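Trainee: Sequence:
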Amino acid sequence: MEDPRFETVSLYGSRSKKRCMEYALVLLAVGIRCEVLPRDGKFALMVHARDAGGALEQLRLYLHEHRAWPPRFDPRFGVHDGLVCACLYGVTILLFDILQRNQAFSLDWWGAGMSHAGLIREGEWWRAVTALALHADAVHLAGNLVFGLVFGFFAGDLLGWGLAWSGMLLAGALGNVLNAFAQAPGHTSIGASTAVFATVGI
Numbered sequence: 010m011e012d013p014r015f016e017t018v019s020l021y022g023s024r025s026k027k028r029c030m031e032y033a034l035v036l037l038a039v040g041i042r043c044e045v046l047p048r049d050g051k052f053a054l055m056v057h058a059r060d061a062g063g064a065l066e067q068l069r070l071y072l073h074e075h076r077a078w079p080p081r082f083d084p085r086f087g088v089h090d091g092l093v094c095a096c097l098y099g100v101t102i103l104l105f106d107i108l109q110r111n112q113a114f115s116l117d118w119w120g121a122g123m124s125h126a127g128l129i130r131e132g133e134w135w136r137a138v139t140a141l142a143l144h145a146d147a148v149h150l151a152g153n154l155v156f157g158l159v160f161g162f163f164a165g166d167l168l169g170w171g172l173a174w175s176g177m178l179l180a181g182a183l184g185n186v187l188n189a190f191a192q193a194p195g196h197t198s199i200g201a202s203t204a205v206f207a208t209v210g211i
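The opening residue of the sequence shown carries number 10 in my numbering; numbering runs sequentially from there.
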């Protein structure tokens, strides 16, 4: 009489051969002999009867460890971040334009904030930042506003609004600093175009 311990039993059945082969690899990896055979229009994972208990436990552990696999696609950043970045850019540019044109706080906004190569070299580094928010006229403002909104949206969508907004500001300011050292001391400039081009690079 054949020893029942050496009989083979069907541990798992499925129409998916791939799934059966996956489970077979799990068992083979821990030293449990098995094979996948076609049976009644399906595929069956066969093991020796004596190994059935251990095989079931190994599959249970495998399924428990991989219950959350594959992970769901959950993008860290999305359209929301792009909109936030674009809105921050637009609001900042428009706010400074309103303050500048109305000479808010009785300040000479151009004189105090334009990028002046000589003064930046002498230590007035803030001009590299403030110059980004100043514009000569409506056409100048509109051009930088439109392109800045578009590229700011895509940068925020890709990097997240915090990193994108910081990158736009820092890269734009750095561009003004480099320009100050490349130009004659009397060179002046205003506008967010430096930040816009920097965003394209980002």
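Calculated from the structure, these hints are not laboratory results.
The reader is advised that the hints may include incorrect statements.
Okay, the calculated beta carbon distance ranges per label pair [said to hold, decoys possible]:
hint: 1; residue 1: F114; residue 2: L179; range: 52 to 58 Å
hint: 2; residue 1: L92; residue 2: F114; range: 18 to 24 Å
hint: 3; residue 1: V159; residue 2: G120; range: 28 to 34 Å
hint: 4; residue 1: A145; residue 2: L183; range: 49 to 55 Å
hint: 5; residue 1: L92; residue 2: E131; range: 18 to 24 Å
hint: 6; residue 1: A121; residue 2: D146; range: 15 to 21 Å
Restricting the straight-line Cα-Cα distance to at most 20 Å, the calculated cross-link-like pairs of lysine to aspartate or glutamate (EDC-like) are [unchecked claim]:
hint: 7; residue 1: K27; residue 2: D49
hint: 8; residue 1: K27; residue 2: E16
hint: 9; residue 1: K26; residue 2: D49
hint: 10; residue 1: K51; residue 2: E31
hint: 11; residue 1: K51; residue 2: E74
Predicted, not measured: the structure shown is a model, and the values here were computed from it.
In this text, a Cβ means the ideal position worked out from N, Cα and C, and glycines have one as well.
Trainee: Are there hints from earlier that the structure breaks, and if so, what are their numbers?
Mentor: 1, 2, 4, 5, 8 and 11
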